[in-house]
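Participant: Chain by chain, the residues run as shown.
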Amino acid sequence: MTTNPHTGFIAFVSDCARWALSGGTGFKIYLAALFSLMGAGAFAYSQQFQTGLIATGMSNIVSWGLYISNFTFFVGVAAAAVMLILPAYILKDKDLHKVVIIGEGVAVGALIMCLMFITADMGGPLKVWHMIPGIGLFNWPSSILTWDMIVLNGYLALNAIVPLYILYCNYHNRPPVDWKYRPFVFLSIFWAVSIHMVTAFLYEGLPARPFWNNPLLGPRFLASAFAAGPAVIMLVLIAIKQNTDHVVDTKIFSKLQRIIVVSAVINLVMLFSEVFKEFYAFTHHSLSAQYLFFGLDGHSSLVPWIWTAISLNILGTLLFAFAPSKWSPRYLMVAAISLFSGIWIEKGFGLIIPGFVPSPMGEVVDYVPSSVEILITLGVLATGAFVVTMLIRPALAIDKQYKKYQETVG
Amino acid sequence: MTVREKKEGPMKTEDILDTKSTRRDFMKSLSITAAAGSAGLVTGGCVGKGSTEEMGLKWEEYFKKNYRLMTQQEKDDTVTRLERLAKIQHDLDIQVSDQEPREQVLFGYAFNISRCKGYMDCVEACVQENNLDRNSKTQYIRIFELNPGQLDPTSGDGKYHHEVPVEDKFYMGVQCFHCENAPCIKACPTKATWREPDGIVVVDYDWCIGCRYCMAACPYWGRRFNWGQPEVPKEEINLKQHYLGNRLRMKGVMEKCTFCIQRTRQGKLPACADACPTGSRVFGNLLDPNSEIRFVLKNKKVFRFKEELGTDPKFWYFMD
Ligand code: SF4
Ligand code: SF4
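Chains as they are written, first to last, in the working numbering: chain L, 1 to 410; chain R, 1001 to 1320.
No lab work stands behind these hints, which were simulated from the structure alone. Incorrect hints may appear among the rest.
[Stated by the list, open to error] With the C-beta cut set under 10 Å, the calculated list includes, among others, these residues of chain L facing chain R: (1) I61; (2) I68; (3) M131; (4) G136; (5) N139; (6) W140; (7) T146; (8) W212; (9) G362; (10) E363.
[Said to hold, decoys possible] To list a few chain R residues with every Cβ distance to chain L over 10 Å, as calculated: (11) L1069; (12) Y1119; (13) F1295.
What you are looking at is a predicted structure, and each value in this text was computed from that prediction instead of being measured. Yeah, the Cβ is synthetic: ideal placement off N, Cα and C, and Gly gets one too.
Just chain L, same shape as in the assembly (with noise of 0.2 Å):
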């Protein structure tokens, strides 16, 4: 089959859907494995939404957990698609550019999680429209929140729509046409940075939390979202290198360990300069990284977590930069795994809980995630995973055809 009989756009959904959702017994297994999380997540939810909050482990003084952590952090991931489009769309590097649409495939999985983290998040869900300008009431420029729905949602639709096009094209037998979506790639690369920053300042502009209240947490988030997300991004690559008959280039791989070294040296570098700052000259201020990695009044049930993450954040690190030349799959997938928890640690539970410990009135409780939370933010990560499969799929298909016609053209 050289030619694609189908045209039109509803050829295009359903053809997508089908290479998306067919597979083999491996492949059933693992959707049936997301689709039981993904029900244990909305049953989970169905609770909260009866009870309220209170089913979860929150409190007044620890006042976002487990949701807020792991949106802060697939903030993150999302962002460093661009550690991809960068050099692949303006630098025109060839091997990146075949592996970029992966990347925001990554991307957009990753902001869908995000929504859902900050929904699920809500008192009142069923509310939300009271935040829709025009309907509702924004309160924009004044509320960073604000700032923040906006940067996501752009983002969003910039990353969908792109690939999307692009695809479509692709789909056609035709190549797309640059200057339709170029100017919307440079719109990306600057939005990725300002997604992360102005999540950042959500946290950094609250002199109310000294913890967070920090100059160095916008550039802190950037340099662990550049080395966490591509290392997400590799798993998914040698994933599709396990699992399929596509070929992924191993110069790939080299490009983004490099990326990932120099990010993750970077993060490191700025993580002990705040070590530094909160304990050489002890203040006041410095009660919560003192929670955080030593415990406060006999309360410590963050300090076996941050001293994991700094473990496996300077493993993964170590692991990356020396890697030896001629490294296996595994080898990457141990740097990355180890890497990506330690940061996903770090910077989620490490970075939003003691923000809130001690309390502005002195006082230290522990946060633990009730077994609701857990199952919702499990759902959450499953459906992730889902739309990142799902999207992936009809992409690398549709890819793959589209070479197999240049080359009975060309």
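We have chain L; now place chain R with the ligands onto it with these hints.
Facilitator: Chain R with the ligands alone, transformed into the frame defined by chain L:
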């Protein structure tokens, strides 16, 4: 679920007959039922056997505007709906006020550290007056017990459970300080919280989406969130309510001290100042040169908590 238990509204027979009598009315009742169905969905509870009227009211309540955008007519309408709903749902005869701020009034508060003995009568009065959730033991006011040599509640004990006064201790009360430059207001994405012309920082409970960004932004821990459905025993409910004040809250919304807006706008003292047996609490109009609060500000050495944050609270501490 003592208070909020859903009860079937008193459906009048004539109403039912009436709605069934003509085709047009029948259609009308159909559309109301449809609306009611969705209202049941949007109001988020198991609706069960709520009456059509209740559903219709809830539907209208769901689509109402932010309080600040309402015309006087719309304010009066929502107040009427709320009163009717309380009657239908809980058989309560509440009076919800939408009284506006008075001209030339700016409220201020001063707290006498040397007099307070930590009896916490203010806390109790506040809980009663403002219909605070008994389940989670919500308090707007907190009293911190401090050792000599400290003047900062963050190093004090906010959970003491012993007989007071205690020798060699002193007490400091905190609550929302009604900041003039309030970080909580700036943070809110939906403008569900704002500062009224008389200086009271309020929350529109029906407009709040429960994101808790204001809570993270408040440097004084002045805000309380309804994690679950708040409950007040029916016989203890204060029926004299204000839309922006002590009316019964729902789960998932933010609340806070309102300087007892339902009392102070009528010229009364807040419940806490009224209840204090030691006279440590001074409340009044900052724009009135003869008020007691102005006397305190003029003649005592006063200070404010976390002044360096530039929030400009309308709450001062002083000593005799
Ligand atoms: S004390 Fe907190 S809640 Fe009260 S006005 Fe100031 S910032 Fe807002
Ligand atoms: S919790 Fe309510 S009042 Fe507070 S910021 Fe969110 S919407 Fe505004």
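Participant: Can we keep the M131(L) interface hint, with Cβ of chain R closer than 10 Å?
Facilitator: 5 Å, holds
Participant: Closer than 10 Å between Cβ atoms is the bar; does G136(L) clear it against chain R? Give me holds or violated.
Facilitator: 6 Å, holds
Participant: Go through the hint on G362(L) and say holds or violated, using the shortest Cβ distance to chain R against 10 Å.
Facilitator: 3 Å, holds
Participant: According to the definition I'm using, a residue is off the interface if its beta carbon is farther than 10 Å from all beta carbons of the partner; does F1295(R) meet that for chain L?
Facilitator: 29 Å, holds
Participant: Does E363(L) pass the interface check with chain R, least Cβ-Cβ distance below 10 Å?
Facilitator: Hint holds; E363(L) Cβ to chain R Cβ min 7 Å, cut 10 Å.
Participant: According to the definition I'm using, a residue is off the interface if its beta carbon is farther than 10 Å from all beta carbons of the partner; does L1069(R) meet that for chain L?
Facilitator: 7 Å, violated
Participant: Any CB of chain R closer than 10 Å to the CB of I68(L)?
Facilitator: 9 Å, holds
Participant: Does the interface hint hold: is W212(L) within less than 10 Å of chain R, judged Cβ to Cβ?
Facilitator: 8 Å, holds
Participant: How about T146(L): closest beta carbon in chain R under 10 Å, or not?
Facilitator: 5 Å, holds
Participant: Mind checking the CB of N139(L) against every CB in chain R and telling me if the closest is under 10 Å?
Facilitator: 5 Å, holds
Participant: Does W140(L) meet its interface restraint, that is, does its C-beta lie within less than 10 Å of any C-beta in chain R?
Facilitator: 8 Å, holds
Participant: A cut-off of 10 Å on Cβ-Cβ distance, and Y1119(R) was said to be off the interface with chain L. Does that hold?
Facilitator: 20 Å, holds
In summary, the structure is inconsistent with hint 11 from the numbered list given earlier, while agreeing with all the others.
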